[in-house]
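Undergrad: The residues making up each chain are set out below.
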Amino acid sequence: MTQLVLEQALNGLQFGLMLFLLAAGLTLVFGIMDCINLAHGSLYMVGAYFVAAAAQAADSFWLGLGAGIAGTAVLGLLLELSLFRQLYRRDHLSQVLATFALILIANESVRLIWGPAPLLLNPPAALSGPVEIAGFFYPAYRLVIIGVGLVVAALLYLLVAKSRVGMWVRAGASNREMTEALGINVRGLFTAVFVFGAALCALAGGLLGPLLAVQVGMGESVLILAFVVIIIGGIGSIRGALVGALIVGTVDTLGRALLPTLLRATLPADAAATLGPALASILIYLLMAAILFFKPQGLFPARA
Amino acid sequence: MAFYRPARWQNAAVIVSLAMLIALPELLTALDQSYYTGFATRVLIFALAASSLNLVLGFGGMVSLGHAAFFGVGAYVAAICYDAGIHEGLLVLPLAALFAGLFALLVGAISLRTRGVYFIMITLAFAQMTYYLFVSARAWGGDDGMPIYERMRFAGFSLLADEALYYLALGVLALCMLLFARLAGARFGRTVQAIRDNETRMEALGYPVFRYRLVCFALGGAVAGLAGALLANLTGMASPNLLQWTQSGTLLVMVIVGGVGYLWGGLVGAVVLLLLEEFLLAWFEHWHIVLGLLLIGIVLFAPRGVAALFGKRHG
Amino acid sequence: MSIRLTALAAALMLAGSVHAADKIKVGFVSTLSGPGAGLGVDIRDGFNLGIQHLGGKLGGLPADVLVADDQQNPDIAKQASDKLLKRDKVDFMTGIVFSNIMLAVGPAVFQNQTFYISANAGPSQYAGEQCNPFFFNVAWQNDNLHEAVGKVVQDKGFKNVMIVTPNYPGGKDAVSGFKRFYKGKTEEMYTKLGQLDYAAELAQIRAAKPDALFFFLPGGMGINFVKQFVAAGLSRDTQLFAPGFSADEDVIKAVGDPMMGMFNSSHWAHDMDNAENKRFVADFQKAYGRLPSLYASQGYDAALMMDAAVRDVKGNVADKKALQKALEAKRFKSVRGDFKFNSNHYPIQNYYLRVIGKDAQGRVTNKTMGTIFTNHADAYAAQCKMK
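Protein chains in written order, with my numbering: chain A, 9 to 312; chain B, 260 to 574; chain C, 4 to 390.
These are calculated hints, taken from the structure and not from any lab test.
Hints may contain errors.
[What the hints assert, rightly or not] A short, non-exhaustive set of chain A residues, derived as facing chain B with CB atoms under 7 Å:
| # | residue |
| --- | --- |
| 1 | Ile44 |
| 2 | Trp70 |
| 3 | Gly74 |
| 4 | Ser90 |
| 5 | Gln94 |
| 6 | His100 |
| 7 | Leu101 |
| 8 | Leu105 |
| 9 | Glu116 |
| 10 | Gly174 |
| 11 | Ile239 |
[To be verified] FRET-style restraints, in silico, Cβ to Cβ:
| # | chain 1 | residue 1 | chain 2 | residue 2 | range |
| --- | --- | --- | --- | --- | --- |
| 12 | C | Gly58 | B | His545 | 27 to 35 Å |
| 13 | A | Leu89 | B | Asn457 | 29 to 37 Å |
| 14 | B | Phe416 | C | Ala111 | 15 to 23 Å |
| 15 | C | His56 | B | Leu434 | 56 to 64 Å |
[What the hints assert, rightly or not] Covered by chain A, according to a simulated footprint, are these stretches of chain B (three or more residues, beta-carbon under 8 Å):
| # | segment |
| --- | --- |
| 16 | 329–340 |
| 17 | 379–392 |
Beta carbons are placed, not taken as given, at the ideal position from N, Cα and C, and that holds for glycine.
Work the whole structure out from these sequences, hints included.
TA: In structure tokens:
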């Protein structure tokens, strides 16, 4: 039983860290530029497609991952310069509409270029088997994802908390006008943050591609989770994004895993199997509502 | 920005349009295109749903991304009624509006305590939560939705014929638009719009801002439920798709394209969007790219949408 | 003069609008996007190859195939089929992959008195009490392939089997089919239709320690499950069994070597030795650059079936009774060999044991090992009261 819980905890950690990659970019864009970006999930999808296409072309997962991230970063740059710059000073409704339009364009463009059927993306051959830990076998690839997630989290922490750029980012998140008044190139900062967010999306998309499927519309469902994460964690805070993501990841995974077992003792098999995951997903929203009740700005709000 | 200040020619236009809509099914049958009566009914239903969102968004100034939840609840109420043996539309429709409205009251009571971006995201989260709730309920069909094998009757009339359902939808739409127009001019309407324009001032003047907003939100939800029940009878099922947040987005797009804050905004938007979807899709498979670019264009250059071109601007 | 011409033109137009069968329209609604896309694409490609082999004709009349994507969504499937039935007035419908979608679309098709020739979905509901004269299944009834696996697992003497299947009508049929012939201890695990990440389920399987695992996860679901199963190291201790659905070309191509040695059941295999099959397999590879799966063979047979029936009624598809008789007579040569229709319009046929290994060209693919059932009918025919 402990082995089961340990394995599920690792799964939750893996899921949470990937959510963190998505939420980190989103919370920064939100916090500093006050821009709601519904197309963040589409960057994740396009990132996954770029990685899959590049991996097939180069016949190497890692090369594909690198190329995919670079490509998405470039796309992010183009989007920021052409569209998002105009959106910063608009009201939220305009931002919602424009980024929703981007979702439509992204989904259809992907379908146009790669067709409606999903793309195949395989993990590197060396990592497609299990590794032995604590007396059982766990997929090597998932361990690598956890590793990458932790490294990125650590790097982001160093960047935001210890570097000058990070200081500007934190300043911009807590008070944009003041930061501008201090003579910092806020425009350049915005672009950098957006592009960085796009790159993180592509990393998440590329890493999760082999586990899930690279298909049209894969960004929509994960986007909501990312929003829940930053609401819980606090808009504009990287620390909040990490804590929020880990909470959401573990609650969802452990809920999906343990609730059916609990329910199976009392209900027939198929009812338990549907109720379990559904209850677990609602659990996250209830959690979000509860946290908001006590801390309406989230756990670690960036704004003073 | 006033919701409804009709120019004289607008009243005439409304009457002419109504007459054309009444004659439409006959015309379609004559052209051997009676399939499109069903399509026209769909347009009317979405016009109703979009108008209900316009009430919340344009009229009330609340950017809600959770409106699809009420739309879907209405559809499920209709399906559950069918399942429970309630086949009379005079019961089903009010029940759908009631449950959707009550649910909107609940959601609004919680969400309206927040502001700005939080409000948007919470309504979004509520819509998704409703989706998961219905999808998990095996008794209500789960992922596959709940079928309605036979359409409801209305005041004893059978709705099996596409024309019959069309006229019912037209009637409901006309009544609701009349209601909205009346509301806009009444004290309630003027208060809600004033709150939308300057909340602080209204609060300072002692108006119970929260209560007005909540009623507006709930009313929008109730009408969306009405539309949902009609849709379920049209398609023969209550689909969990209706509850997804992307459906909220589609309704939002309709309102924006039509003209947010103008009485006919939702209707015009629904008509334009569904017509384009039906006819452009056959011609250009990837027309959503065009639609997306169009929407971005609207946001950047014509933020008040199509109907704005026809409404008078005051103050 | 001009009045007469106008009258003539009007008469001709009227005549044209009264559906004089000058061509055969087929409505093809299938899953062409999402994780189930591989199946729908295969059925479509097989069907199109059939039409091509028939010279672009069905029963001698030009064939018009209207394809729509249901996106694995019952609502969208219903809308698409409504349009095909009411606006395009198709003569036949086919293509649906998943049983839940079939059950959603069925009633409208039958009410419209249009024949549905299913090239895949074979729900038990339409085999028994809800059987309908307008429904034909040219593939199998859902339970059949699972029954065959159940017999194999029973014969091999496994004591403790874990069943993994999605929670939808096809999945439920899989469980009842398997348990009809496997009498040992089972534990059922239901997943969500379209689910892609099985980490949680695999952890539970590891904890439960079954001797064998029977899974039914068509399309992308199966691909992900097998890959993750192997990655989790479970393939060392637990033997995998599946119906042909989860062990055919689409999954093999994605997963590859880890699938070697997996037993599965099927009514058709690409190495079957008859003239029709040889031609089908060769031409399919030439046209599409890949080996056909059982889904493709079903699509191909559906085309042949429509062709034979239309030919029998000499193009008069408006005569529904005659068309029904013609379809029931099954006067075409299927690529799987001989079979006939049961009273409930489902096939009575053989089911074979296949194993995944390397063929003469070194490709990882299925090899036929033997016969599991001969002239096997489904378990629901007795409940069908169709005349």
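Undergrad: All hints, please: hold or fail.
TA: Results of checking the hints against the structure:
1. Ile44: This interface hint holds because 6 Å falls under the 7 Å limit.
2. Trp70: violated (32 Å)
3. Gly74: With a minimum Cβ separation of about 28 Å from chain B (threshold 7 Å), the hint on glycine 74(A) is violated.
4. Ser90: Hint violated; serine 90(A) Cβ to chain B Cβ min 10 Å, cut 7 Å.
5. Gln94: Nearest chain B Cβ about 6 Å off; hint holds.
6. His100: holds (6 Å)
7. Leu101: holds (5 Å)
8. Leu105: It holds, given that the least Cβ distance between leucine 105(A) and chain B is near 5 Å, below 7 Å.
9. Glu116: It holds, given that the least Cβ distance between glutamate 116(A) and chain B is near 4 Å, below 7 Å.
10. Gly174: violated (23 Å)
11. Ile239: holds (6 Å)
12. Gly58(C) / His545(B): 27 to 35 Å: holds (32 Å)
13. Leu89(A) / Asn457(B): 29 to 37 Å: With Cβ atoms ~35 Å apart, the hint holds.
14. Phe416(B) / Ala111(C): 15 to 23 Å: holds (22 Å)
15. His56(C) / Leu434(B): 56 to 64 Å: The hint (56 to 64 Å, Cβ to Cβ) holds, given that histidine 56(C) and leucine 434(B) are roughly 58 Å apart.
16. 329–340: With 0 residues close enough to chain A, the hint is violated.
17. 379–392: Per the Cβ count (10), the hint holds.
The structure fails to meet hints 2, 3, 4, 10 and 16 from the earlier list, while all remaining hints are met.
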